[in-house]
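Asker: One letter stands for each residue in the lines below.
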Amino acid sequence: MTSCSELRAKWDVLCSTELDSVAEDCSHLRACSECQQWLQQLRHFDSKVSAALADVPIPEGLEARLLAAIESESAAAAPVVESPRRRSFTGLRVLLTLSAAILLGLVWWLSVPDNSPVTFEFAELQTRLQQDYSQVAAVEALPVATDLDCATVEGELRRLRLHDPRGLQLDSVAGSDAAAYAFRYKQWSGVVIAIPTHRLQNGPSSTAPVSGSRQRSFAWQSRDQQWAYVCYVNSGPAEGFMRSVFGSMV
Amino acid sequence: MQILHIGGNKTGQNRLSLTVNVSMDTGSSELTAASLVREQYQAVYRFAFRLACSVSDAEDLTQQTFLIACRKLGDLRDPGRARSWLFSIVRNLFLKLRRESQNMVAGIEQPEEVVEDVSLDIPVDSERLEQALATLPEAFRVPLLLYYFEDLSYKEIATALEVPAGTVMSRLARAKSHLRVALGDAEQAGLAERN
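Residue numbers (our numbering), protein chains in the order written: chain A, 1 to 250; chain B, 1 to 195.
Derived from the structure by calculation, the hints contain no laboratory data.
Take these hints with a grain of salt, some might be off.
[As the list claims (entries may be wrong)] Chain A is faced by these chain B residues, among others (derived, beta-carbon under 7 Å):
#, residue
1, 63
2, 66
3, 70
4, 120
5, 124
6, 129
7, 184
All C-beta atoms, glycine included, are put in the ideal place defined by N, C-alpha and C.
Let's have the full structure, built from the sequences with the hints guiding it.
Answerer: This is the structure in structure tokens:
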């Protein structure tokens, strides 16, 4: 039989224990008016402590300082994201600009009016994306996040917590005709890029993800063959990610 | 939706010159972030103050919490859980800073063993509570605050602090006992002073 002192000594532990194992203690509590009163006092004490803990004066102007800090960070994050690699190649860019100027006449000479949609060699696009991977990956680090309407994303991609969509403008024509999404799934995170297949030459032909040369990127096409997906895994083991998300597809 | 511009020079070879510019359209998120601050900053600051026991540290913690929260606003699926989400950021931030500066568990001063039969009918005010908390080692104060402020279960506290559930039970029992004794002593001292 549990005594009053035993019950009170282990009450905190009892609160976190499955009820089945505390039946004896509960029966004591039901039968003992003193312990019932003690429990009431304990609850009252806890509520007084909770109330007193919340009784903290707020520093004057805190709200304004917090709002200013947020606004300041938003403003700092707003400009163009430029990778360190790009900055370090300023000299190279100057050289390329000069080269481009020399070639300009040649390009002008070669240019022929053409209104057909621009298409891109998929392997080349993927390579360029990988070369500028730090910038693509920067999508994930940006502070703005908007939930993605997953209605257009098929199958396994629905499992990923896709967010923070960015339009990908493939050429100089206005409009977003592809999209990049940051994702988080269990211990993995990265970027998924969806490109309409009609903008690609030699796009991925398989609906199962195929590993790229970096081993941290995968490409596949949607089952309706309308979209090519390129997935970059920034953190977590890439192969494990694909197995976990796509299971038997890999 | 933000725009990543991939500019392609359309030549016969379709060679690409890739520039990825990220333009931010932060209008809507600023509104959400601002409303989050307005609605929750007091609760967040109070929790931060009780953890850090310092006005300046609490303000730093609060600011860092909201900066992180604004970056991860997309993680908040249910606005109704904003407070507990923010509290978890405060708590993780505080623990991270503490772990970086010292080992919180190693070499902690132990409060006295659990004392039974302490009167629970004692007044609890903020000043006395602050004094009682200040004498409580951090390894005991943090689970106590998680229990009272966040209303976490023992298992949840154990997960948050990365310690076994048994350790949480033991520390909480001692911390509560310490609190009751310290508040009771303060009451006795106050009575003696008045007499």
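Asker: Would you mind marking each hint as holding or not holding in the structure?
Answerer: Outcome of the hint check:
Given the 7 Å rule on beta carbons, the hint for residue 63 (chain B) holds: about 5 Å separates it from the nearest Cβ of chain A. The closest approach between the C-beta of residue 66 (chain B) and any C-beta of chain A is roughly 5 Å, which is under the 7 Å cut-off, so the hint is satisfied. At a threshold of 7 Å, the smallest CB-CB gap from residue 70 (chain B) to chain A is about 5 Å, leaving the interface hint in force. Taking 7 Å as the C-beta cut-off, the interface hint given for residue 120 (chain B) holds, the closest approach to chain A being about 4 Å.
At its closest, the beta carbon of residue 124 (chain B) sits 4 Å from a beta carbon of chain A; the interface hint therefore holds under the 7 Å criterion. Given the 7 Å rule on beta carbons, the hint for residue 129 (chain B) holds: about 4 Å separates it from the nearest Cβ of chain A. Of the supplied interface hints, the one on residue 184 (chain B) is violated, with its beta-carbon coming no nearer than about 11 Å to a beta-carbon of chain A, more than 7 Å.
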